[in-house]
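Student: Chains as they are written, first to last, in this note's numbering: chain A, 1 to 284; chain B, 1001 to 1315; chain C, 2001 to 2490.
Keep in mind that the hints are not guaranteed to be accurate.
[As the list claims (entries may be wrong)] On the chain A side, residues computed to face chain C include the following (Cβ under 10 Å): (1) E31; (2) D113; (3) E115; (4) G252.
I should point out that these hints are in silico values taken from the structure, not numbers from a laboratory. Ideal placement from N, C-alpha and C gives every residue a C-beta, glycine not left out.
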Amino acid sequence: MSLTYTIRYQSKNHYESPARGASWQFLILPEDNRSQELISWNVANNLAADVNVSINGLGFKTIRIQANQTFTDLKIDATFIVQKEERNPFGFIPNADPAMDYEVMATVDFQADHETELRKTPFTTLPVQHHAIFSFDRKKNAFDNLMALNTWVYHHLFFKVGVTDVNTPLEEIIMKRHGVCQDFTHLFLAISRQHNVPARYVSGYLHQGNGYFGDSQMHAWVEAFVPNGGWIGFDPTNNILAAQNHVKVCHGIDYNDCAPLKGVVYAEGKNTTSHIVEVIASQQ
Amino acid sequence: MLARVANNLFWMGRYLERSEHVARYTNVNYFSSLDAPNAISQSRQFVLRSLLFMIGAPEQDAQKPLHEEEIIYNIGLNPEYDHAILNNVKAIRENANGARDLISTELYESINRFYHYVLNYDPNYFVKRGLYDFTIGVTQRTAILRGKIRGTLLHDEIYSIIMMGVNIERATQIIRMINAKYHDALLTKGSYGDKVGNSFEWTTLLKCAESYDMMRRSYRKTPTLLSALEFLVLNGDCPRSVMNSLNQVCNHMHILHLDHRPDKGSTSFLAGKLRAEFQYLRVEDIEQDINGFIQKVLERLYQISNKMEEEFFLY
Amino acid sequence: MSDHHQNALFSSYNRKPNLFDEVFDNDGTVKAIYEKLITLFGQHALDDYVHLNNKAKASFFNQGITFQVHGDKSAQEKIFPFDLFPRIIDTADWEKIESGVIQRNRALNLFLWDIYHEKKIIKDQIVPLSLLSSSVNYLHQMYGVDPPGGIYNHISGTDIIKHSDGKYYVLEDNIRCPSGVSYVVCNRTALKRALFGVFNHYEAHAVTNYAENLLQILESVKPQGVDNPNCVVITPGMYNSAYYEHSYLAKAMGVELVEGRDLFVENDFVYMKTIKGPVRVDVIYRRVDDLFMDPLEFKPDSSLGVPGLFAAYQKGNVCLANAPGTGAADDKAIYTYVPDIIKYYLDEEPILNNVKTYRCDRPDDLKYVLENVDKLVVKPVDEAGGYGISIGNRLTKEEIETVQNQVKESPRKYVAQPILSLSVHPTYIDENQSFEPRHIDLRTFTLLGKDTEFVLKGGLTRVALKAGNLIVNSSQGGGSKDTWVVKKDS
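Okay, chain A solo, but in the shape it has when bound:
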């Protein structure tokens, strides 16, 4: 079965004092991969500035907008149509002996190949006093442990909008036990990497039709590398595996690689930004 999604992304940026030129990069284009295909897209902006497609540092497609005039507002309105195939995330045969998973993951070759996804960044480093916050059950294979981790993160944190921002340290998230999808994701990443399971931050869109957590913003989840299974998506915010409701845009080492909007604006004073995301499904 395949689903067709119409995704609408709107962003409004207001600058208190008029800006004299700017360069923005939007990381919002759904990627083409084995389970999804970008059928068509359109990005409009109120400045009538050229829209170019480029790539970010990890090779994901970006939209670049360059404004040379003076302005106080930037509005962009993007529409993507994506076809999503349903795939069974359980459709792989795990190692018969769970110990084999950990043996593979302990090898230098494996760790060298996945150096990036095992790297501890400020967002994904467990504070020392929380090192034992979650432990793996070595009698179970890596996948089962990740499933358990997914559930654990889901229960450990409470989904709450507006209490954290992009700069909130992991320690505070662990202590205060609330946050948004980003925070769920970073906590999962930190624990997974601590146990030598390569994991990466994924940014994308979530179809909330089934009552999933999200906040009409871009969504974040995890892809973890499971021996024999490859990259599998875990959504700790909703305690599910990422499947046909998740439309991926990009992945990276942490949020910094995946921020939907980066820009250089030549302006003084404050600015305000808001995004609205809407995902509408139609079955085929």
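With chain A fixed as given, assemble chains B and C onto it according to the hints.
Tutor: For chains B and C alone, coordinates are given in the frame of chain A:
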């Protein structure tokens, strides 16, 4: 050439010319007033007010007594005073730094020495006894810079950009001097029966523009309002005249802009149009409304400079 | 053999018998290669020499060949202190240095390729993975990117010292934005002006050919499909302490010196803004640090960079020299592995030795370091310019404790080396009005291009001007000397 660097070179030329004119105006006015034929022109207060008027910071309060050392310090060496020669020279060097890879080592070295000369000049000595020495020092060094620009740079676009700055600024400064001296002549008229037309100020004006001797050679008479204006505005042979500056501006525009039929509204067009107007201008026309003429020319020069920035320096 | 005691300039020179003196042997005789120089200098009275030295310094000042110490609020312009008495390196020594630095920098280039591709050296367990994963200078964005011509460290500055055993050792590798080469040229110019009559008695290699070789190297790594590449130098701007060097190199190569705001990226191509409109840029010699290069990819608040530059680089439309991420191979913890790195990639023995280095992330080494702070030089692994270095025998008890605590806190951040006695060279000391022995090192400059390489025959001999001081960096009050590599032992 990079647009930013061209902008630096243009302003380097402008500040160079500005430093020189301010220094020379200060020197000539201060010292020639000492033997001026009437009491007003000799008055320190009158001279100081004239200096402030010329640099663009006129004292509005006619009754306020001015403190000589303070004014001299401001105009020469006060780092907090925008119009100070010190700040003009700093700006020359700052702009040269931004274009350092394009100009010759010799030119840069002369600018740098100039900067250190001004920076290290003792302010106490300056305000008490150093005014003559310092202002002469500044004008000599600007002459060296002009020589290095001419003698060590390729006469290509880089040179033309600098010379555009030099000439637009020169024309502007000459007009400002005329404005200041016209203002002074109005103030001193009547004392000792002088009329504005043959005021002593016209002699001072020509000396401020280093054009007195050549003017005497040309006219063989004591300068008057009409002859001084004719010489300093319209005589293309006088190297300090507005006409001469406009001729040079047009020649350098030609190098930057090989288009023979420039777009209307382009720098080339604006400069060429002003030159053409000047070619057929009579001093009698100017005399009708001197203030109006001065304001109009300043406005036109300002437009040319602005257009230049827009056309070449902004991308 | 001339006895230096008969020589006016050097009559009061106090040799330090326990240090290696580059000019005088232990019994006070002049080494053969310096004989002629000493005789020629001897023809000058001390006053003459002082006069010439001052003139040379004034010429640096007038030309604005100055720098500003960073962190210094008053931002006083200073000249880089300069001593007219040159250092001479003979042919045999130079050949060893030259082949040694080429070998080293080629190996580091292969190492960089490897750690940004298959990571074989890690899988073969020559270099531990932890070194990479804890390196803040490793840019994961560079993983899988093929730099044009396969070159990462186009420009390398390798610092070399001569120890009291008379052998050369590599002190550190600088393969991010090494600076100092402009001073090599200035020193030579100043010396030739002041002492032509001395200089022309030796056949020393020229140093002015650096810029044309640099341009050749830059052109060799042009993007595919470009015939006549447009190369530029990018600088953080005129307030940068090395701005003189940036402008010198641009001028000497005859290329534009640009700032970030002079460039823009459109459709992943880089252009510069000229008075006649946009002109494409193909190769950028970059003197802006990695993280400031592109605000869309790295530090978002950087105003020094060019939005979109990194994407243009990834797509192969522009070459950056040095490549982003080279810092992963020149930190002081990697340094200890360079001999292994050379053997691994080149299957050769290192020509130049490393200084024995203790890595505080190894438990045994850490223990030794903590117990012997007073006998060691402790250095942070990721600081350049001589910052944060502590030299054990000059520390008070409290300072030793501070160092121990810092090291214990983050062992990965520190390495330690025995306190080396760098060789000394007679240097004129203004305050004492005499020549005195001062410690020196040598920064060499190596260029790697596509199928081509070059080492500047000479280099920057840096002098620690304070008596007994071992830190030669200009930011720490060091000076420099002209360095002559002689063609034959004349």
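Student: Each hint should be assessed against the structure and marked as holding or not.
Tutor: Hints versus structure:
Using the Cβ-Cβ criterion of 10 Å, the hint placing E31 (chain A) at the interface with chain C is not satisfied: the shortest such distance is roughly 16 Å. A cut of 10 Å between beta carbons decides the hint on D113 (chain A): the least distance to chain C is about 7 Å, and the hint holds. Here the hint on E115 (chain A) is kept, as its CB sits about 6 Å from the closest CB of chain C, short of 10 Å. Checking G252 (chain A) against chain C: minimum C-beta separation of about 9 Å stays under 10 Å; hint holds.
Of the numbered hints given earlier, the model fails hint 1 alone.
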